[in-house]
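Chains A and B, in that order, give the protein sequences. So the mapping is simple: my numbering equals the position in the first sequence, first residue as 1, plus 329. So the mapping is simple: my numbering equals the position in the second sequence, first residue as 1, plus 389.
These aren't lab readings, by the way, just hints derived from the structure by calculation. The structure displayed is predicted, hence computed values, not measured ones. Any given hint might turn out to be false.
Heads up, incomplete: computed chain A residues facing chain B, CB under 8 angstroms, no partners named [unchecked claim]:
| id | residue |
| --- | --- |
| 1 | Gly342 |
| 2 | Val349 |
| 3 | Leu361 |
| 4 | Ile366 |
| 5 | Tyr368 |
| 6 | Thr374 |
| 7 | Asp396 |
| 8 | Lys408 |
| 9 | Pro423 |
| 10 | Met425 |
| 11 | Phe434 |
| 12 | Cys467 |
| 13 | Asn531 |
| 14 | Asn565 |
Don't be surprised by glycine CBs; every beta carbon is placed ideally from N, CA and C.
Listed below are the residues making up each chain.
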Amino acid sequence: MVKPKIGIFGLTGCAGEQIVILNCEDQLIDILGAIDIRYFPTAMTKNDEKCELDIAFVEGAVVQPMDEESLKKIRQRSKLLIALGTCAVWGGLPAMRNDVSRGEFLEKVYGTKGKSFKSIPAQPLKNFIDVDLSISGCPIEKEQFLKAVTYLLHGDPPLLPNYAVCTECKMNEYVCMLVEKNKLCLGPITMAGCGARCPGYNIPCYGCRGPVDGANVASEVKILKEKGFTLRDIENRLRSFAAQAEILQEQFKKE
Amino acid sequence: MHNSVVIEHLCRVEGHGGITVNIKDGRVEQINVDIFEGSRFFEPLIIGRHYDEIPPILSRICAICSAVHTITSLMAIEDAFGVKITPQTTLLRDLLIQGGNIESHALHLFCLAVPDYLGYTGAISLASDQPELVKMGLDLKKLGNTIQEAIGGRAVHPVNAVIGGFGRLPNKEMLLHLKEQLKKGLKQASATIDLMATLKIPNFSESQTVYAALESIDGKYSFFGDRIILSTGDSIDISKYKEVCNEKVVLHSHAKQSQFKNKPFMVGALARIMLNGHKLTGKAKKALEKLGFNSSSQNVLYNNLAQAVELVYAIEKSLEIIEQLLKYGIKDERPIKVKVKAGKGTAACEAPRGMLFHSYTFDNKGNLAKADVITPTAQNLANMEKDLRVSVERLINESKESLSDKLEIVARAYDPCISCSVHLVELNSK
Numbered sequence: 330m331v332k333p334k335i336g337i338f339g340l341t342g343c344a345g346e347q348i349v350i351l352n353c354e355d356q357l358i359d360i361l362g363a364i365d366i367r368y369f370p371t372a373m374t375k376n377d378e379k380c381e382l383d384i385a386f387v388e389g390a391v392v393q394p395m396d397e398e399s400l401k402k403i404r405q406r407s408k409l410l411i412a413l414g415t416c417a418v419w420g421g422l423p424a425m426r427n428d429v430s431r432g433e434f435l436e437k438v439y440g441t442k443g444k445s446f447k448s449i450p451a452q453p454l455k456n457f458i459d460v461d462l463s464i465s466g467c468p469i470e471k472e473q474f475l476k477a478v479t480y481l482l483h484g485d486p487p488l489l490p491n492y493a494v495c496t497e498c499k500m501n502e503y504v505c506m507l508v509e510k511n512k513l514c515l516g517p518i519t520m521a522g523c524g525a526r527c528p529g530y531n532i533p534c535y536g537c538r539g540p541v542d543g544a545n546v547a548s549e550v551k552i553l554k555e556k557g558f559t560l561r562d563i564e565n566r567l568r569s570f571a572a573q574a575e576i577l578q579e580q581f582k583k584e
Numbered sequence: 390m391h392n393s394v395v396i397e398h399l400c401r402v403e404g405h406g407g408i409t410v411n412i413k414d415g416r417v418e419q420i421n422v423d424i425f426e427g428s429r430f431f432e433p434l435i436i437g438r439h440y441d442e443i444p445p446i447l448s449r450i451c452a453i454c455s456a457v458h459t460i461t462s463l464m465a466i467e468d469a470f471g472v473k474i475t476p477q478t479t480l481l482r483d484l485l486i487q488g489g490n491i492e493s494h495a496l497h498l499f500c501l502a503v504p505d506y507l508g509y510t511g512a513i514s515l516a517s518d519q520p521e522l523v524k525m526g527l528d529l530k531k532l533g534n535t536i537q538e539a540i541g542g543r544a545v546h547p548v549n550a551v552i553g554g555f556g557r558l559p560n561k562e563m564l565l566h567l568k569e570q571l572k573k574g575l576k577q578a579s580a581t582i583d584l585m586a587t588l589k590i591p592n593f594s595e596s597q598t599v600y601a602a603l604e605s606i607d608g609k610y611s612f613f614g615d616r617i618i619l620s621t622g623d624s625i626d627i628s629k630y631k632e633v634c635n636e637k638v639v640l641h642s643h644a645k646q647s648q649f650k651n652k653p654f655m656v657g658a659l660a661r662i663m664l665n666g667h668k669l670t671g672k673a674k675k676a677l678e679k680l681g682f683n684s685s686s687q688n689v690l691y692n693n694l695a696q697a698v699e700l701v702y703a704i705e706k707s708l709e710i711i712e713q714l715l716k717y718g719i720k721d722e723r724p725i726k727v728k729v730k731a732g733k734g735t736a737a738c739e740a741p742r743g744m745l746f747h748s749y750t751f752d753n754k755g756n757l758a759k760a761d762v763i764t765p766t767a768q769n770l771a772n773m774e775k776d777l778r779v780s781v782e783r784l785i786n787e788s789k790e791s792l793s794d795k796l797e798i799v800a801r802a803y804d805p806c807i808s809c810s811v812h813l814v815e816l817n818s819k
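Isolated chain B, as found in the complex (with noise of 0.2 angstroms):
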């Protein structure tokens, strides 16, 4: 019987953190995910600065989801200025957003989490024995960088994005591109939902969970939404996002953590699916029925077959909108034009994570007086220590190796970003 399990360093996961358990009787005492990653300090930073300066800044919080990051602390500027954007704007935004979540979720399943279910080591093992595996994951991930490159302008940190539009508009025959590129994407990520439908996924970390999601609007699947609903039965309006993300600070973390009711929850793809996944259509649908997940699943394992059936919507949603652009042609939009007020913005996406947060408060200047950030990741710490505490004591028999990899396993599970968490909002802006 084992006293402790400490993993000082996860690996394959984006950051710095570690697991601490201290066991006492075959029951878990404490549970720490230690996020070490050092303090950047970005909200403070930035208070003073003028509006247009904090997007390409606070996309900087994070590589993987600089998109995501981007398009949301535009949208919560736009909303504290009454800034209203085209319907071409919006989808263009939308597009650039599947494009990061198609590379965030390739990157994680190829290169991160599916190595474990074959027994290796990382993407760079798994590539000496199966090379085509993996040249099929850098296909699929290069493609969301091809739509972020050609929407946002770079694939990290896009510059393209502006407050009111873009810089730069894509042409037709950019378009046409990405189309045959989306093609061929879509029959890899059929291959990958194939792929997913062998893999035996254990349950050793099964446990009852809430889940929280941005509703998607007009019924459709979506990665944008004004409400946050939890499989509580809950619905809020996403403006007072701190009554579902009541963040306290926690010794052993640089990052806050969240709860709602006092109970941990659980955002990202999987929380998407099951609150939102009977709202998928075509092949998305189809690969969710195969992958025979249900809406009672409350396994974090089935986090990274979520992913999978994303990566076919993403694909075919990215479809959809550039039928739609190529339809009615490429306007001539030039970004719209702010008129500085003194208030309050909030916006939310869902980032490849889950629901993300950007608030910002103005003065009559336009410089930011107050910013609040709430990522994904920080959303899911105390969910994440819930199972890892079910999963010790069910596993508690096992080596202390065998043990770490597991656990190792269900963090991973999750796609933690770490550095997004550590990102820290001011105590006094609750």
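Only chain A is shown next, with the shape it has when bound in the complex (with noise of 0.2 angstroms):
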């Protein structure tokens, strides 16, 4: 069997992906026997900066012109090419208030030298390029990670899951931070995935996967004004990981 090249890039972002990637301690050695990784400058010198990919896997989000270069380019030499994590997938945190200009942050953070520094609002890949699949989170979960890249390497797309936290939440049985705890809990409306990792310390989930299809944003904003969060708080809780997702756009736009 031909082993499939793969490519793994990072555009502007924390890194988190990739890292999680390499925290696959106990399969990575068997990962690796198994495709030619042909560029992952993280891990390597000697990148082929070239050749065609079988997969490109693509962490971090567009802020700048030179990001949206790169990532046309890994387009054009990728059959497949995956989103990893929520900054490649919507934005992620630095997309946060795209309503606020650049050029103010630039000026606010460099003073006048900020003018040469070119940078645009945070946005995901798919707003430039086709995305064949993505795998949200923050980070991606190891797991999810694994299991996609089995399903690739027997040419099957992945199942990801389409249903919310809440689901994985109910599941495992923990208390309910909304319901019961009277937390600022967007498990209702988050991607699932990560198996309600933060309810299950206690934490509410602060929605870092972005939203699952069809969530009802407007309820679930509603049983928090109920529970007496401000407006302000709901918003910049939504905004914090997803805030270009159209679904919570059109709610931001209600308000």
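With the hints as a guide, dock the two chains, each given alone in a separate frame, to form the complex.
Here it is in structure tokens:
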């Protein structure tokens, strides 16, 4: 069998997805035996900048023209392009306040020298190119990544959950952060896959995996308001990880 | 003779950076560590946010150092509101940071730095020839992650450490499991020291260096401290960290650079060993003696040796913390409640790559009015440029490829975390 050629790319972000890949300590050597890594500059030198790739994994958001250029080049050379992590899938934390001009941020941070730096509002990959598969999470879950790789190596599209963190939380029989603990929990509208990690630690869901398809955001907001949270607190939480998601943008327009 | 050397993309480092050198008549005219990692504008993004939202957001500055970013952020908030945490919380936080340090150092040594000394392009090619060596590195890395998962709830961006304490406390079985893993890890860390002792460390980057680190408390080696000490003899309270990290904007970098009294300085494992190494005990002390570098060392490549010594230290310290937790038993403590008031809080920790500062100002409702985060890589950039400059001048007659490879080794020795360095501080906050 010819080993598939793989590239692992990072645009702008915390490198969390690449670190999760490197955190597959028990599986890493086996995975390396099954694939042909051509590009992974975080982990190796002498990378192949040009060859055609069977699969490109891309983490991070697009926050500057250079990211956009790199992304388009990756797309051109890859049969499959997979967005890894909340920044790549939703824009992530850097996209929290795209309503404020980057020029204002640049000046605040770098003073008059800020004018020489280029910055664009942070955006997910899908705003620039076709994405074949999205695996969200801040960071992605190791098990989900490994499962996706296994499916892909067999030529199958990976199965990803399409239900809310709330479902996983109930299955684990955790105490409900929203109803019983009156916390600002985004479990009902957030994409599952983490096993309701935070509620398991008595912490409400911050929504770090982005919204689940068909989430009833209006109802979530109504419940939170009834519990006494201010619209500002609710919007801040909703904005943290996936402010650019259409389903959330619709909600912000209503308010 | 070369006129310029350009390394467009540094490999085996975290993030996006390069090196540009302009040379005239055998002398370096200009040397830039170019940081072109995009700006995420963390500090202006979070202004106005409620205090309890800050740590989970700022942990995302960096995946590798997410545990220590979280802890430093919690400590700065607690400092602002006068929250006093319990001794048990202090121990658990220390353990979490030790886990982060083990993971980070093992990753850097085995996957990023050591392949250079053995003539490989990375851990991937090293693994095909010496799988047992890479396996040992991965085991050590996993040990750090096991600690971070047990105490922090997740290996990257921990969720369980909160203001005033922890969401859920570990139980005795978890601690006993960690203890077993740590004992195994200690043997592997000792084997790492044996390996490091055989490496030939070149001296082309040697130059006079000012070191800076937190002064560890209670006379013991530690990643916590209230004062910054420098090899110049200066000692400064952490609340005055800006006197040390005097940041300036340079056009070739999205990260700002730090200078102390107009001189670059180095932070990180080597700086800690140089300034606090005499406080090491047990196997870590023996490891330092075996590797035989002394307090006059001016070679940044020894940072890799210092990281190996700290692997031993972090494992021994983790075992010591677990012994203490087991001896007194885990008390069922809830996180301490916060009484919000207007004010400023500053905290510092030793992150794997050096001193990390978080400083916040809150209004009387607990909303963030100002934030400042200074990361170790940002502090190191000016010193890295200095070391690269002397290296170029000593290696000027080598081929361009050999010179480039060696400059990458110098940059890599700092274990730069470029995402971290580009966090961005508001200029007018000085």
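Here's how the hints hold up against the structure:
no.	hint	in the structure
1	Gly342	holds, 7 angstroms
2	Val349	holds, 6 angstroms
3	Leu361	holds, 6 angstroms
4	Ile366	holds, 6 angstroms
5	Tyr368	violated, 10 angstroms
6	Thr374	holds, 4 angstroms
7	Asp396	holds, 6 angstroms
8	Lys408	violated, 22 angstroms
9	Pro423	holds, 4 angstroms
10	Met425	holds, 5 angstroms
11	Phe434	holds, 5 angstroms
12	Cys467	holds, 6 angstroms
13	Asn531	holds, 4 angstroms
14	Asn565	holds, 6 angstroms
Hint compliance for this structure: hints 5 and 8 are broken, all remaining hints hold.
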